[in-house]
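Q: Each chain, letter by letter, is given below.
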Amino acid sequence: MKKTIMAVAIGAVALTAPNMQAMASEDLNFDAYRQMLADGNPAELFEMEGEELWRTARGPKNATLEQCDLGVGAGVVDGAAAQLPRFFADTGKVQDLESRLMHCMETLQGIPSAEIINGKFRQGERGKLASLVAYVVTHSNGKKVQVDLSHPKMKEMYDMGEKVFYYRTGAMDFSCASCHSQDGKRIRATQLPNITTSKGAAEGWGSWPAYRVSNSQFWTMQHRLWDCFRQQRTAEPVFASDVTIALSVFMAGKGNGYEAVWPGVKR
Amino acid sequence: MKKTLMFAPLALCASVSLAADLDAKVAEMMKTSFKANGIASIERQVQDEVQKACSSPTQPDAATMKRLEEAQMATIQWPANGDYTGGDWKEGAKIAISGRGLTWTDPTPDNNGGGCYNCHAMDPKEVSAGTIGPSLVGYGKLRGNSEPMVKYTWGKLWNSKAYNACSDMPRNGFGKILTETQIRHVMAYLFDPESPVNK
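Those protein sequences? They're chains A and B, same order as listed. First residue of the first sequence: 1, per full-length UniProt numbering; consecutive thereafter. First residue of the second sequence: 1, per full-length UniProt numbering; consecutive thereafter.
Bound-form chain B, shown alone (with noise of 0.2 Å):
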């Protein structure tokens, strides 16, 4: 009885440091299988902590989920002005349409597109919508422009992970793949009456 009390124990602990070990030679594969190629820096293949805890098919616990979400929504920048929504809806597709930036054949870190089309549907009349976010049809004219609802849109295109850790979705401010300015557009792009999101 005792001895396989201790067998049980002795076990756990090799699998547990096997599996460490496969983790540690991944991430080494994952440096040494690249190279950096303009502004695409080897630095881009190591992971922050986010990216670290949601690199398995099962999510971490909830207090990990929390603690996680927590830091990521410190990082956030609101505007300074108050001014949330107060871009141009039209700067905002092009922004949502553009899914270029920030790879090794694009030339400069600046004047990236937000991607939104790859993965949400926004201009109902837009064909070729990704599906692997939510729709984001009629954003503002379903949700409203209450200030909670104007803030959380905010804190999510800056760092979709103060929201769900584990979201798909890029941290476009946090990230710097889109600058303050470009957020606002989209801003508009999503709630403007005006916008075709919203007709």
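Same shape as in the complex, but just chain A (with noise of 0.2 Å):
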């Protein structure tokens, strides 16, 4: 049953791709996409499929996610995406939703997380935990970003995660800075926040994950992440490294009051 509405649901999307690409070629912008995807943002099938994984028993310890503490307690899934990242004192770390996520399962289901870190994107349990996201983030849509940066740690992080938005390296000497530090800039036709400012990084943090029109592929923050220091020409880091989680809360600490639209729809 669920797979045929999955079936039916993307059907309907690659229906309406054509013209839509159409459009965007036009005025290179992809708000009327998000408009006309509003009313049913294909990132639902995810979400559907995350929230069934978060009740359903797995893993060798045969439990479910239930208990899962996102930082506002366990099991509470409200509004905590919005609070991420954050310092948590029983793993002694600060932790992004996708690596805290890693921990509960890794912890109450018994599912080693050295399987997600050495997975693939969208595939066995890194692409379970994808879904997982989905679920997750849609309780913080419309809220707004929230993140304590008093904790030394977090302190520490948001301030390595600055320096590594400005660190050149690589075969064409890029930083993420390159493509986001100045307003209004395009790379060909996709349009760039400037994450030095708070609206830009609210832009970039707020935004993703997201569901991507132009290969119906739905992506993480690591997704993205992932992939930016791939064009970036770097090599590879490593999924929920220490990097990824710095870079997370220099932004989501600079977007810090503005709202997020979770999941995103991007091209």
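Hints were generated in silico from the structure; no laboratory data involved. There's no promise every hint is true.
What the hints assert, rightly or not - So these bits of chain A aren't anywhere near chain B, every CB distance computed over 12 Å: (1) GLU49; (2) PRO60; (3) GLN83; (4) ASN141; (5) HIS151; (6) GLU162; (7) SER178; (8) ASN215; (9) ARG233; (10) GLU236; (11) VAL238; (12) ASP242; (13) GLY264.
Stated by the list, open to error - Here are the computed lysine to aspartate or glutamate pairs in the EDC-like style, where the Cα-Cα straight-line distance is at most 16 Å: (14) LYS31/B to GLU236/A; (15) LYS25/B to ASP227/A; (16) LYS153/A to ASP168/B; (17) LYS155/A to ASP21/B; (18) LYS35/B to ASP227/A; (19) LYS35/B to ASP159/A; (20) LYS185/A to ASP168/B; (21) LYS128/A to GLU236/A; (22) LYS25/B to GLU44/A.
All residues carry an ideal CB built from backbone N, CA and C; glycine is no exception.
Combine the two chains into a complex, taking the hints into account.
A: Structural data, given as structure tokens:
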């Protein structure tokens, strides 16, 4: 039954895609896409799968994730994503939504984190993790990003994230700032948020994870950052590694107070 | 009075060493958070002196910029036969359009694109040109093909940092992104009167 729903919905998107492409190439503006999809973001399919995964007993420990503490209490999903990343006393670490969910999957369900860290995006347990992300962020849609930077480890991650943002390296000398430090710029037809401003940081942070119309895929923020680094021509960032957390704290912290549109729709 | 004088430099030292600690931690993280994959080796995470000097919101001082630019200028390979613009602009167009190459999903480090359109407008008919770099529409027509202009353009394509140490533009020749032959094709795309860039 569920499979049928997915097939029908994907079919509907595929049918309307050519029109949207024509429109987009004319005005180089993807707001039209977002408006057309506002009533039916295909990310809903991932969100539904994620909700089911949250409630289903799985893994060697045959447990659900309903006792997972995302920072606002065991099992509380409402508003949790808007306050992440945060410092967690039980792990002694700053964690983003993905690394926290991975922690819950390991501790509650017995699913080894290594399986996710060494896996591939959209496949296996890392793919399931993405659906869980879709479910959790939907419950912070429209909420204001409210990341608490007061803990010294959060402060340090923010400072390191800011340094990483400007860190040039790799075969083409790029840093994040090469593309994301000026207002109103584009790479090819794609608008680039200026992440050195609070508004731009919120635009970046507060619209991922997102459903990507161009390839019909749901991408989490870890996935987005991984592909930024790929195009930056660096070596490959490790899933949920410190560099990804530091950049996330920097973007979320800088975007504090702005509304999150989760999950987003991107080209 | 004397006490104040003594405290001020101490406080300065403390904050300087904290900043240096943070820089060292970041440099370490830029290695430990990454892994080699295919042609994208972990050496890519180590900065050279230009990358290091240009990794903050503010540029280095004028003297440092000049020193870096002179060192980069010395790396430029000028065409041995003096042929700067005799490439094929049609090949140049392909190189300018292609943004492929040197990622961990590319099988070899060869046959890369220049990715010019990611940042620059060139052929006015190409609507999806980026805006990070200046427009190059009408490049040869507007600037002419005097020797200094042609040489500057070759040098800029080979190693942009020779002219602005903190330029956003990759060092195509120095970084082995493009070959000498490919750069000559891009030169033709920029200067040839028949190139759509100059129509």
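Q: Indicate, hint by hint, whether the structure satisfies it.
A: Hints, one by one, checked against the model:
1. GLU49: holds, 27 Å
2. PRO60: With a cut-off of 12 Å, PRO60/A remains clear of chain B, as the shortest Cβ separation is near 27 Å.
3. GLN83: holds, 24 Å
4. ASN141: With a cut-off of 12 Å, ASN141/A remains clear of chain B, as the shortest Cβ separation is near 30 Å.
5. HIS151: holds, 17 Å
6. GLU162: Answer for GLU162/A: violated, closest chain B Cβ roughly 9 Å.
7. SER178: Since the minimum Cβ distance to chain B is about 5 Å, SER178/A lies within 12 Å and the statement is violated.
8. ASN215: holds, 14 Å
9. ARG233: ARG233/A is in fact no farther than 12 Å from some Cβ atom of chain B, at 5 Å.
10. GLU236: violated, 4 Å
11. VAL238: About 6 Å separates VAL238/A from the closest Cβ of chain B, which leaves it inside 12 Å; violated.
12. ASP242: violated, 5 Å
13. GLY264: Non-interface label on GLY264/A holds, nearest chain B Cβ at 21 Å vs cutoff 12 Å.
14. LYS31/B to GLU236/A: holds, 10 Å
15. LYS25/B to ASP227/A: violated, 24 Å
16. LYS153/A to ASP168/B: violated, 32 Å
17. LYS155/A to ASP21/B: This hinted pair holds, its Cα atoms lying about 15 Å apart.
18. LYS35/B to ASP227/A: holds, 14 Å
19. LYS35/B to ASP159/A: Roughly 23 Å between the alpha carbons, so the hint for LYS35/B and ASP159/A is violated.
20. LYS185/A to ASP168/B: OK: LYS185/A and ASP168/B at ~13 Å, within 16 Å.
21. LYS128/A to GLU236/A: Distance ~22 Å between LYS128/A and GLU236/A Cα, so the pair is violated.
22. LYS25/B to GLU44/A: violated, 40 Å
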